[in-house]
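Trainee: Below are the chains, spelled out letter by letter.
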Amino acid sequence: MCIELMLNATNLLLVAFSKMHNSIACTTNQQSLLGIEGQLFVFFIMVVAAAEVSVGLAIIVLIYRNTHSVDINFLNRLKN
Amino acid sequence: MAATQIIFWFLSVLALVSALMVILSKSPVYSVLWLIALFFAISGHYILLNAQFLAIVNMIVYAGAIMVLFLFVIMLMNLNNETEPQKNLWIQLTGAISGGCLLMLLISLIKQATEIHGKRLIFENGTIGLIENLGKSLFNEFVIPFEISSVLFLSAMVGAVVIGKK
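These protein sequences, in sequence, are chains U and E.
Take the first sequence: its position 71, counted from the start at 1, is 71 in my numbering, and no numbers get skipped.
With the second sequence counted from 1, adding 1000 to any position gets you my numbering.
FYI, nobody ran anything at the bench for these hints, they're computed from the structure.
Residues from chain E shown here face chain U by an in silico Cβ test under 8 Å; the list is partial: (1) Ala1019; (2) Val1032; (3) Tyr1046; (4) Leu1049; (5) Val1057; (6) Val1061; (7) Ile1128; (8) Asn1133; (9) Leu1138; (10) Phe1153; (11) Ile1163; (12) Gly1164.
FRET-style restraints, in silico, Cβ to Cβ: (13) Gly56/U / Ser1098/E: 21 to 29 Å; (14) Ile1144/E / Ile3/U: 22 to 30 Å; (15) Ile45/U / Lys1026/E: 28 to 36 Å; (16) Ile3/U / Ser1027/E: 18 to 26 Å.
Source: prediction; values computed, not measured.
We put the CB at the ideal spot given by N, CA and C, even for glycine.
From just these sequences and the hints, can you work out the full model?
Mentor: Pasting the structure below:
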């Protein structure tokens, strides 16, 4: 969940900077599309986060099924 | 104080409080619920920044899909304080100190950055957040990353099914 928190902080930062970049251009040209890359980047971050969460939660469920705990210190051997 | 300013401060306080509660709450279920509140606050920020499409996508994808998945998995595992081993105090203290160092570093970097001094956000204008402009840009310049992300989704789906079937 903390990973989601950090990804959202990054997303908010990217949107704010893209908006800042765009507001400067908008003073001369109202229809300017400068800074649209930031918002598309946020979109791709969301895509990667969704993929990562699905795989990560599947791994956590597998760990829980094997050890009946989510403490990863039980898995310090890789073998057995 | 203008209305946008009041909304901005309200959303910022809500986002900070709920982000702190995500980390500090003992039960993972409460943590997930605070995270949903955080996502709504961030969606409000996106609307203030004229990024309407991202606000809606954030609400649907994060608060709707990812958080439900989290909630299902946490409720499936039935975690509680007795069965889970707790981290000891020194590890928590070390984590807090190192995280605080990173926070200080970031704040000092933002204070030194000359690129953003004197620049202002103008809330009302700009059309880059509209779905028309985003879609045109996505399917013209960014069409290859878009298709690659669909392959990424497919591989994530296959991976989750393979891991879950074991």
